[in-house]
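Asks: Sequence:
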Amino acid sequence: MSEDLSGDRRRPRRAGVLLHPTSLPGRYGTGDLGSEAIRFLDWAAAAGFRIWQVLPLGPTYDIGSPYGELSVFAGNPLLISPERMAAEGLLPPGALEVTPDFPVARVEFPAVRAWKETLLRRSWDTVRAGGTEAAPAALEEARAWASDPSRSGWLGDWTLYAALKERHDGAEWPAWDPPLARREPGALAEAAKALAAAREYHAYVQWLFARQWGALHAAARSRGISILGDLPIYPAPDSAEVWARLDLFRYGPDGFPDCVAGVPPDYFSATGQLWGNPLYRWDRCEAEGFAWWIERVRATLERCDLLRLDHFRGFAAYWAVPAGATSAIEGRWEPGPGMRFFEALRRALGALPLIAEDLGDIDDHVRALLRDSGLPGMRVLQFGLLDPSSTHHPAHHPEHAVVYTGTHDNDTARGWAESLTAEEGVRLHAALGLPEDASSADVVRGMIRVAMESRAELAIVPMQDVLGLGSEARMNLPAEPEGNWAWRMREGDVDAGSVSRLGGVIAASRRSPAGL
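Sequential numbering of the sequence shown, starting at 8, is according to this note's numbering.
FYI, nobody ran anything at the bench for these hints, they're computed from the structure. A couple of the hints might just be wrong.
[To be verified] Derived DSSO-like pairs: lysine-lysine, alpha-carbon spacing no greater than 30 Å straight-line:
hint	residue 1	residue 2
1	172	200
2	200	123
3	123	172
Whenever a hint applies, use it, and build me the whole structure from the sequences.
Replies: Following this line, the structure appears as structure tokens:
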């Protein structure tokens, strides 16, 4: 998509649905890029959705958080479809006849990861040995893909990082042999040579992901659906990019950070959120023309049509928490790169199909940056329906914005409504134009209707709200390290009835059914 969301040209009103691929149904323990994703696209297109929003697509730790990526460039091997590998002759015959009895309603990330790793290695062994008719061509294509100069930089860093992590039994890079942790040239050259076979396997896995994601992206476009991706502002501390470009992050000569990322007390936590991600040395990023960032945004836009720029306020000022602090309260605001960053992106990339996640502690500096960048911000009904003075209240939604019933960090609409006091419930029903005895299902449908009727040019509804689910289906509870990201749809959750009901609301709100 070439549309520049920072422009003033009037854009069509569109409707979108938020669903991370891991939440799709299927028999292999986690949602993936196979046939269930295609069925979801068919359903979304029939209902009138023209945007599919996903969370970050990189490889994750065992807790499954897509905001804790081991690489901001690489794709998540968990999303690779075993079904597609088998159909394309990239697995030995019968490889999927016996599979583990995984839960259908939640992802058990460690178990799924272990099983899929075994499966991916079987695929690699089969392709490398020419074990199927399709194997020789696949091996040639994978090697050609890996040698393409447009991706050789990040792919080289990722494959060496992944192979070294295996050699060190999964330890984080600061605990590796010191010459490798410090990236001494001789040690790196020796490791690259010794681990050549392991690196080729990891490159093959990335080719599989890119091949399957590319096919799914094309399927979305053919149905008139754009994919809205997500770009976390910070990489994980234990990631290929931090290890490879430590000079761009706030690490001292002892190899440890002086400050880490977080946010002050907010809606989700009275003590703030201590994320622990490394902070940027923005002066060094700017000295090289923001080249690393430009390459990151370019690579992500090759995967997606639009991007949600996570923690937009961090580009105005970011919350720096001293390393070793026990809570985020001890942090302080420090200046970000501001408009110089966005001007550099626009010079290098042209149109910027970005959406600013302008939530949290927002002040005049953030509002000025949003205005000057021209990006659309976000409005969340859960934050404003009960407060007519709030910028999140529908009465104050600008056209150049994206409205949500809730985000992946919120409770579901039903769970949120059911958590309100009796007095708040009365106000909610009044805001939605519902009688006081309206059911929870009526409230959820009312919130979806209000989002669709908003002046905001784009309205997005999490899949949990489409299904009218309660707090048991919540995707993430910020500041809680366990039990997040695991929710999954069940097969058959969506049907012709949901297409008719949603299609009517989308059409009545003049959300455009036009294509890309």
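Asks: Evaluate each hint against the coordinates.
Replies: So, going through the hints one by one against the coordinates:
| no. | hint | result |
| --- | --- | --- |
| 1 | 172 x 200 | 15 Å, holds |
| 2 | 200 x 123 | 27 Å, holds |
| 3 | 123 x 172 | 18 Å, holds |
Against the hints set out earlier in the document, no violation occurs for any number.
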